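Residue numbers for the sequence shown follow full-length UniProt numbering, beginning at 1 and rising by one.
It is worth saying that the hints were derived from the structure and are not from the lab. Everything numeric in this text was worked out from a predicted model, so none of it was measured. Wrong hints could be hidden among the right ones.
Stated by the list, open to error - Quick list of the computed label-pair ranges, beta carbon to beta carbon:
no., residue 1, residue 2, range
1, Gln96, His9, 53 to 59 Å
2, Gly542, Gln463, 56 to 62 Å
3, Leu525, Asn409, 47 to 53 Å
4, Asp377, Asp59, 20 to 26 Å
5, Ser469, Gln228, 27 to 33 Å
6, Ala135, Glu102, 28 to 34 Å
7, Asn409, Asn545, 51 to 57 Å
8, Asp456, Ser432, 43 to 49 Å
9, Asp148, Lys121, 21 to 27 Å
10, Ala166, Glu80, 57 to 63 Å
11, Asp377, Ser263, 22 to 28 Å
12, Ala559, His465, 19 to 25 Å
13, Lys373, Asp456, 21 to 27 Å
14, Ala10, Asp59, 21 to 27 Å
Built from N, CA and C at the ideal position, the CB exists for glycine as well.
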Amino acid sequence: MSSPDNVTHARMNSLNESTIANIKLHSNRAQITRIFKSRVVKGKNILTIFSLPNPLDHDSLRVEARGPVIIQGVTSSKREMEHDLETSELLEQLKQQKIDAENALARSHKALKAIDAYIDKLDAQNLDISKLGEAMEIYDTTGQKWDDNITTIKKEKEVIENNIEAEYARLQETVTDKKLRVEVTVSLFADSDAEVEITLIYAVSGARWEPSYDIRVNTQDPIASRVQLIYKADISQNSGEPWTDAPIKLETAQPTFGIEVPSLAVWNIRHVNTTISGEGLSAGGRGLGKGGAQRHRKILPNEDDLEYDAHETTEVTSKGHVNATFRIPGTTTIPSDNEPHQITVAQIDLEAAMSWICVPKGDTRVHLNATIKNTSDYTFLWGESNVFVDQSFIARGVVPDVSPHETFNCALGLDPSIRVTYHTPTKMYQESGFYSKSHKHSFSQVISVQNTKSIDITGVKIQEHIPVSQDASLTVKLLKPSLAAVTSSASAAGSGPADKPRAKVSESSYAQWVGSESASQDLTLLGKDGRLEWVCAIPAHGNINLQLEWEVIATQKTAIVGLF
Numbered sequence: 001m002s003s004p005d006n007v008t009h010a011r012m013n014s015l016n017e018s019t020i021a022n023i024k025l026h027s028n029r030a031q032i033t034r035i036f037k038s039r040v041v042k043g044k045n046i047l048t049i050f051s052l053p054n055p056l057d058h059d060s061l062r063v064e065a066r067g068p069v070i071i072q073g074v075t076s077s078k079r080e081m082e083h084d085l086e087t088s089e090l091l092e093q094l095k096q097q098k099i100d101a102e103n104a105l106a107r108s109h110k111a112l113k114a115i116d117a118y119i120d121k122l123d124a125q126n127l128d129i130s131k132l133g134e135a136m137e138i139y140d141t142t143g144q145k146w147d148d149n150i151t152t153i154k155k156e157k158e159v160i161e162n163n164i165e166a167e168y169a170r171l172q173e174t175v176t177d178k179k180l181r182v183e184v185t186v187s188l189f190a191d192s193d194a195e196v197e198i199t200l201i202y203a204v205s206g207a208r209w210e211p212s213y214d215i216r217v218n219t220q221d222p223i224a225s226r227v228q229l230i231y232k233a234d235i236s237q238n239s240g241e242p243w244t245d246a247p248i249k250l251e252t253a254q255p256t257f258g259i260e261v262p263s264l265a266v267w268n269i270r271h272v273n274t275t276i277s278g279e280g281l282s283a284g285g286r287g288l289g290k291g292g293a294q295r296h297r298k299i300l301p302n303e304d305d306l307e308y309d310a311h312e313t314t315e316v317t318s319k320g321h322v323n324a325t326f327r328i329p330g331t332t333t334i335p336s337d338n339e340p341h342q343i344t345v346a347q348i349d350l351e352a353a354m355s356w357i358c359v360p361k362g363d364t365r366v367h368l369n370a371t372i373k374n375t376s377d378y379t380f381l382w383g384e385s386n387v388f389v390d391q392s393f394i395a396r397g398v399v400p401d402v403s404p405h406e407t408f409n410c411a412l413g414l415d416p417s418i419r420v421t422y423h424t425p426t427k428m429y430q431e432s433g434f435y436s437k438s439h440k441h442s443f444s445q446v447i448s449v450q451n452t453k454s455i456d457i458t459g460v461k462i463q464e465h466i467p468v469s470q471d472a473s474l475t476v477k478l479l480k481p482s483l484a485a486v487t488s489s490a491s492a493a494g495s496g497p498a499d500k501p502r503a504k505v506s507e508s509s510y511a512q513w514v515g516s517e518s519a520s521q522d523l524t525l526l527g528k529d530g531r532l533e534w535v536c537a538i539p540a541h542g543n544i545n546l547q548l549e550w551e552v553i554a555t556q557k558t559a560i561v562g563l564f
């Protein structure tokens with residue numbers, strides 16, 4: 001509508017008169033893009049958009065226009081909270097009707113009690129027997145009348161109470177939603193009468209998404225080189241506005257505000273009797289401002305907004321994730337209920353190398369692990385995972401931050417189809433020499449590994465250890481498997497697989513020091529902790545026996561602490 005000063009004013013409800021064109025959802029905030037279509041007349045137009053969410057970040061607000069118009073200015077403000085309407089003429093009438101019904105109900109109950117009391121006082125000895133039937137008939141008819149009356153009044157009262165609740169709800173609806181009190185006013189100048197498209201872009205807090213995963217493994221697959229990963233997103237928001245049929249993009253990048261590279265000041269030092277001037281490190285740039293000009297917005301803080309601030313920090317910093325955007329197919333509806341709504345981002349088949357590991361000295365159960373390579377274009381963010389092996393839920397785990405083409409380890413629980421037997425060890429003691437005696441303690445251990453699967457498996461690791469001498473008079477020698485310690489000269493020669501000691505125990509199995517497969521392992525440290533492992537390949541329904549033998553030689557006959 002036009003005012004006398006030739007300025008045309010219009011108001012548009014954000015919820016009912018716009019469509020959500022895009023939502024970019026970060027881990028702790030969302031950027032909303034809304035499209036409005038409005039009719040403008042030649043000259044100056046003032047468009048007020050209301051029912052925007054309270055946690056709207058006013059600094060992020062951006063307005064664009066398409067059509068024969070120029071945006072002259074944009075302001076944003078938050079209206080004061082309206083008080084609820086407590087009553088109405090209809091509500092007062094309904095309340096009076098309820099009181100009348102309650103009074104009528106009380107009178108009916110009282111009348112019914114009076115009839116019962118009258119019958120109780122009848123004296124059968126003084127009452128003519130011919131009139132007894134008539135008296136009972138009158139009692140029955142009168143009592144039935146009041147019973148029916150009570151039933152009718154109760155039904156009427158129930159209807160009145162429902163009408164009262166409906167009127168209360170209507171009164172609440174007349175008050176603007178407390179969580180949608182932000183208004184944006186756009187000043188436009190139009191060259192001619194036309195229909196224009198206004199794009200409103202803003203960020204809100206109180207919105208988030210968290211990744212979660214299902215990892216599915218089929219160990220009965222003869223190849224067993226792939227796992228299925230289901231990438232899911234748990235979306236929740238409490239911004240105050242519903243996201244209805246909205247296209248959503250999930251962002252792994254996090255907005256960064258107010259972070260600057262710190263600067264180093266001159267670091268001056270003096271003797272204690274001179275005045276110290278200067279500091280070692282300056283204040284790291286400007287922090288986030290707490291005040292400043294607010295020419296374009298009016299903020300009215302109140303208790304209704306505290307629920308948003310409780311989950312937010314004043315400064316958001318980047319965690320260094322590789323930035324990626326996931327577009328959710330189709331449209332999604334997310335109500336403002338702060339409840340997680342789960343959607344599937346992708347279902348991906350990934351390359352994986354299965355391995356089994358057991359430390360039978362502590363526990364003969366075999367643990368199944370997978371080294372998974374992210375061969376997809378998706379960036380995995382830290383999130384909890386449910387692990388399924390052969391269609392059975394096995395364990396809960398965690399998927400770390402993983403960029404494309406990176407690998408990560410995933411524990412897949414226990415595999416009872418690989419059975420390990422830790423046999424009773426054999427221990428012997430022997431003295432040798434005449435003048436200079438030596439004392440030898442020998443140890444022998446057999447470990448049996450059985451594969452009950454119907455397929456061949458590789459990469460079964462059985463870990464053990466031998467004692468490490470802390471005394472020059474004690475010498476520990478590993479006999480089986482015949483693994484040699486890594487010398488400094490061998491380490492300097494290279495760090496390839498050929499330079500790391502291995503002892504072949506069968507055609508497809510070998511022993512090595514724990515850590516040999518790590519690219520970052522210092523070769524000179526291999527075997528220093530006494531830990532070794534067998535890496536076995538076992539055929540279907542086959543087994544393998546592993547033998548560990550070592551001896552400790554002492555130059556004096558004294559008790560050896562920690563030997564057995």
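Hints versus structure:
no. : hint                           : in the structure
1   : Gln96 with His9: 53 to 59 Å    : 43 Å, violated
2   : Gly542 with Gln463: 56 to 62 Å : 21 Å, violated
3   : Leu525 with Asn409: 47 to 53 Å : 21 Å, violated
4   : Asp377 with Asp59: 20 to 26 Å  : 33 Å, violated
5   : Ser469 with Gln228: 27 to 33 Å : 49 Å, violated
6   : Ala135 with Glu102: 28 to 34 Å : 32 Å, holds
7   : Asn409 with Asn545: 51 to 57 Å : 29 Å, violated
8   : Asp456 with Ser432: 43 to 49 Å : 46 Å, holds
9   : Asp148 with Lys121: 21 to 27 Å : 25 Å, holds
10  : Ala166 with Glu80: 57 to 63 Å  : 28 Å, violated
11  : Asp377 with Ser263: 22 to 28 Å : 39 Å, violated
12  : Ala559 with His465: 19 to 25 Å : 21 Å, holds
13  : Lys373 with Asp456: 21 to 27 Å : 22 Å, holds
14  : Ala10 with Asp59: 21 to 27 Å   : 26 Å, holds
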